[in-house]
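Keeping their order, the protein sequence lines are chains A and B.
Numbered according to the numbering used here, the first sequence terminates at residue 296, and the numbering increases by one at each position without gaps.
Numbered according to the numbering used here, the second sequence terminates at residue 723, and the numbering increases by one at each position without gaps.
For the record, the hints were derived by calculation from the structure and aren't laboratory data.
Watch out, some of these pointers could steer you wrong.
Simulated coverage check for chain A against chain B, where a stretch passes if three residues somewhere in it have a Cβ under 8 angstroms from a Cβ of chain B [claimed, not checked]:
1. 69-75
2. 120-131
3. 201-211
4. 227-240
With beta-carbon atoms standing in for the labels, derived distance ranges [stated by the list, open to error]:
5. A:Pro120 <-> B:Thr635: 47 to 57 angstroms
6. B:Arg470 <-> A:Ala199: 47 to 57 angstroms
7. A:Ala25 <-> B:Ala701: 41 to 51 angstroms
8. B:Ala701 <-> A:Gly100: 27 to 37 angstroms
9. B:Ala485 <-> A:Leu40: 48 to 58 angstroms
We put the CB at the ideal spot given by N, CA and C, even for glycine.
Chain residues, written in single-letter form:
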Amino acid sequence: MSDAPRLQLARSGRLALAALVAIAAGVLVVPALSSRDPLLIQDVLARRLVPPFARDAAGDWHLLGTDRFGRDLFVRMMLAGRLSLLVGVTGAGLSGAMGTLMGAISGWWAGRPADRAITAVADILLALPRLVLLLVGVALWPPGIYTILAVLVLTGWMGVGRLVRAEVRTVRERPYVPAAQALGASQLRVLARHVLPNAIGPALVATTLGVGNAILLESGLSFLGLGIQPPAPSWGNMIAGGRDLLVVAPWVSLAPGIALVVTVLATTVLGDAWRDRLAGERGEASVPR
Amino acid sequence: MRYHRVRSPALFRAAARTVLLYWCVLSLTFALLRLAPGDPATFLLAPGAGAADAARLRSELGLDRPIAVQYARWLGSTLRGDLGASFVERRPVAAAIADALPVSLALGTASLLLSFAAGITIGVVQAAKRGSLRDRLLTGVSVILAASPAYWLGLGAIACFTYLASSLSMPMWMRLPAVGMTTPGAELHGLAHLADLARHSILPVTLLAAIGAAGVARYVRTSALDAIGADWVRTARAKGLAERTVMRRHLLANLRAPIVTLFALALPGTVAGSVFVETIFGWPGMGRLMVTSIVARDYPVVLGCAAAYAAVVIVANLAAEWLLPWADPRVET
Numbered sequence: 008m009s010d011a012p013r014l015q016l017a018r019s020g021r022l023a024l025a026a027l028v029a030i031a032a033g034v035l036v037v038p039a040l041s042s043r044d045p046l047l048i049q050d051v052l053a054r055r056l057v058p059p060f061a062r063d064a065a066g067d068w069h070l071l072g073t074d075r076f077g078r079d080l081f082v083r084m085m086l087a088g089r090l091s092l093l094v095g096v097t098g099a100g101l102s103g104a105m106g107t108l109m110g111a112i113s114g115w116w117a118g119r120p121a122d123r124a125i126t127a128v129a130d131i132l133l134a135l136p137r138l139v140l141l142l143v144g145v146a147l148w149p150p151g152i153y154t155i156l157a158v159l160v161l162t163g164w165m166g167v168g169r170l171v172r173a174e175v176r177t178v179r180e181r182p183y184v185p186a187a188q189a190l191g192a193s194q195l196r197v198l199a200r201h202v203l204p205n206a207i208g209p210a211l212v213a214t215t216l217g218v219g220n221a222i223l224l225e226s227g228l229s230f231l232g233l234g235i236q237p238p239a240p241s242w243g244n245m246i247a248g249g250r251d252l253l254v255v256a257p258w259v260s261l262a263p264g265i266a267l268v269v270t271v272l273a274t275t276v277l278g279d280a281w282r283d284r285l286a287g288e289r290g291e292a293s294v295p296r
Numbered sequence: 391m392r393y394h395r396v397r398s399p400a401l402f403r404a405a406a407r408t409v410l411l412y413w414c415v416l417s418l419t420f421a422l423l424r425l426a427p428g429d430p431a432t433f434l435l436a437p438g439a440g441a442a443d444a445a446r447l448r449s450e451l452g453l454d455r456p457i458a459v460q461y462a463r464w465l466g467s468t469l470r471g472d473l474g475a476s477f478v479e480r481r482p483v484a485a486a487i488a489d490a491l492p493v494s495l496a497l498g499t500a501s502l503l504l505s506f507a508a509g510i511t512i513g514v515v516q517a518a519k520r521g522s523l524r525d526r527l528l529t530g531v532s533v534i535l536a537a538s539p540a541y542w543l544g545l546g547a548i549a550c551f552t553y554l555a556s557s558l559s560m561p562m563w564m565r566l567p568a569v570g571m572t573t574p575g576a577e578l579h580g581l582a583h584l585a586d587l588a589r590h591s592i593l594p595v596t597l598l599a600a601i602g603a604a605g606v607a608r609y610v611r612t613s614a615l616d617a618i619g620a621d622w623v624r625t626a627r628a629k630g631l632a633e634r635t636v637m638r639r640h641l642l643a644n645l646r647a648p649i650v651t652l653f654a655l656a657l658p659g660t661v662a663g664s665v666f667v668e669t670i671f672g673w674p675g676m677g678r679l680m681v682t683s684i685v686a687r688d689y690p691v692v693l694g695c696a697a698a699y700a701a702v703v704i705v706a707n708l709a710a711e712w713l714l715p716w717a718d719p720r721v722e723t
C-alpha cells in the first residue's frame with residue numbers, strides 16, 4: 008500500500024464493478040433473447056428437473072437445467088436478477104437519498120427541534136432489527152414490490168442519515184461556508200451547493216454497501232414467501248422452490264443462490280474499494296485492509 | 391478503584407432514556423396497526439368471524455371511542471403484560487412469546503458467544519500477520535460468508551450433513567438431523583435428552599456462529615490493525631516482550647471497547663440470522679413464531695414478537711453502554 012493518495016479504485020473494486028456490469032447486462036439481455044417464456048409452464052413431464060448442461064425430452068438444451076415445472080433455470084435466474092437488482096438499487100438509492108436529506112437537515116440545524124425530532128425517530132427505528140421492521144411491514148400491507156421498496160426505504164435511511172449529519176456538522180465549520188453566506192447566498196443554497204457536495208462521499212459509499220443488504224433482505228422475504236410472489240421469479244423464491252428438491256435436484260436452489268452471493272459480494276467489494284479510495288483522496292490514514 | 395469509578399446519575403439517565411425509547415417503540419407498533427389499510431378489527435378478527443363478532447370486537451377494543459382513549463387503554467393493558475390473544479393458538483400472546491423466547495435466546499447466545507470467540511481469535515491472528523496468504527484467505531472467506539444468505543447456507547448444510555451423509559452411508563454420528571430441536575417421539579430424559587439436543591443444535595448454532603464470526607473477524611482485524619500501529623505497541627515490543635504477550639496483554643485489553651460496541655451492533659444481525667435459521671431448521675423460536683404468524687395473519691402475535699425483539703435489542707444496547715466504562719476506563723460516562 009503506497010502512501011500517495013490512491014485515486015484509482017483498487018483492482019478488486021474494478022473487478023467487482025466489471026462483474027456488476029456483466030450481471031446487469033445479463034439480466035437485461037438474456038430474458039429478452041430467450042425463445043421461451045420463463046413463466047410459461049408446458050409439457051411438465053418431458054421438461055421438468057433436467058440437470059444442468061443437458062437436453063430435455065423435447066430436445067431443448069438447458070445451461071442450468073430446469074425446475075419442477077420444466078422452466079429453464081438460467082432464463083428464470085436472469086429474469087429474477089432484474090427484480091433483485093431493481094429492488095436493491097432502488098431501495099438502497101432511495102434510502103440513501105432520504106438519509107442524505109434527513110442528515111443534511113439535522114446536521115445543518117444541529118440541536119434545533121428538527122434535528123431532535125429526526126434523531127429521535129432514527130433512534131426508535133434503530134431499536135428494532137431491520138428484518139423485524141420489514142416483517143411487520145409485509146404483515147400489515149399486501150406483499151409485493153412496492154411494499155418491499157417502501158419498507159426498505161423507511162427502515163434503511165438511518166445509517167446514511169447519521170453519516171451525513173456528522174459530515175455536515177464538520178463541513179459547516181469550514182471557512183467557505185461563512186464566505187458564501189457573506190456573499191448573500193441563502194441557507195438552502197449554501198447547504199445544497201457548498202456543504203452537501205463536500206459531505207456526500209461517505210453517504211455514497213454507504214449507499215453502495217446498502218445495495219447488497221437490500222438485495223439480501225428482499226431475497227430473504229421472498230424466500231419466506233412474504234416478498235415477490237410466484238410465478239414472478241426472485242432469487243429468494245427460486246431458492247425456496249428448490250427447498251424440498253435438495254436430494255433429487257440440488258441445482259434448483261444452487262444456481263440462484265450463487266447468483267445472489269456473487270451480486271452481493273460484488274457490491275460489498277465495490278463499496279469497500281470506493282471507501283478506501285475516498286480515504287486516500289482525503290489524505291486520511293487509510294483504513295487498514 | 392478510581393479508574394472504574396462510575397457516575398451513576400449518567401447511567402440512570404441512560405436507563406430513563408431507554409424506558410422512554412421502549413415506550414416509543416411500543417407506540418410505533420400501535421400506530422402501525424392503526425395506519426395499516428383497513429379497519430384494525432378486520433386485522434384482529436380470526437378469519438371466518440361474522441359481522442356480529444366484528445361489532446363485538448370493535449366495542450370490546452373501544453374502536454368506536456376517540457383514538458386517545460384507545461391508546462390509553464391499549465397502553466394500560468400492555469403495561470400489565472396483556473398483549474392480546476393469538477387467533478390461531480387461542481391463548482395469550484404473552485404465553486406464546488414466553489415459550490418461544492428462551493429457544494431464540496439460547497440459540498442466539500450460544501452462537502453469539504461462539505462467533506465472538508472465533509471472530510476475535512481470527513481477527514487478531516489476521517492482523518498479526520497482515521498481508522500474508524493466511525490473512526488474505528481468511529478475509530476472502532469472511533467476505534463471502536457475510537454476503538451469503540443464512541437460509542441458503544442452511545439448505546447447503548442440510549444437503550451435505552443430512553442427505554449426502556446418509557446417501558454415502560456415513561456412520562450414524564456423522565449424520566446430523568435437519569429439523570427440530572429434539573428427535574420427535576423419542577422419550578429421552580437426563581443426559582440422553584441433552585445429547586439429543588446437542589446433536590440437533592450443531593448445524594443451526596454453527597451456521598449462525600460462522601456468519602457472525604465472519605463479521606466479528608473483519609471488524610476486529612480493522613480495530614487490531616489500528617491498535618498495532620500505536621506507540622504503546624512499539625514500546626511493548628521495544629522493552630523485549632514476546633510478540634504473543636504483546637498481543638495477549640496489550641492488544642486484547644485495548645480491543646475490549648470496540649468489542650463491547652460490536653456486541654450491541656451484532657445483535658440485530660443475529661436476530662435476522664436466527665429468523666431464517668429457525669425457519670430452515672424448524673426450531674420453535676421467536677423468528678419462526680413471527681414468520682408463521684405473518685403467514686397465518688395472526689397480528690397480535692406479530693406485534694408482540696416485534697415488541698419482544700425491541701426489548702432484547704434495547705436491553706443489549708443499555709448493557710453495552712454500562713459496560714463501556716469498564717471496557718475502556720477512558721470513556722466518560
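Original post:
Hint by hint, which ones does the structure fall short of?
Top reply: Of the numbered hints, 1, 3 do not hold.
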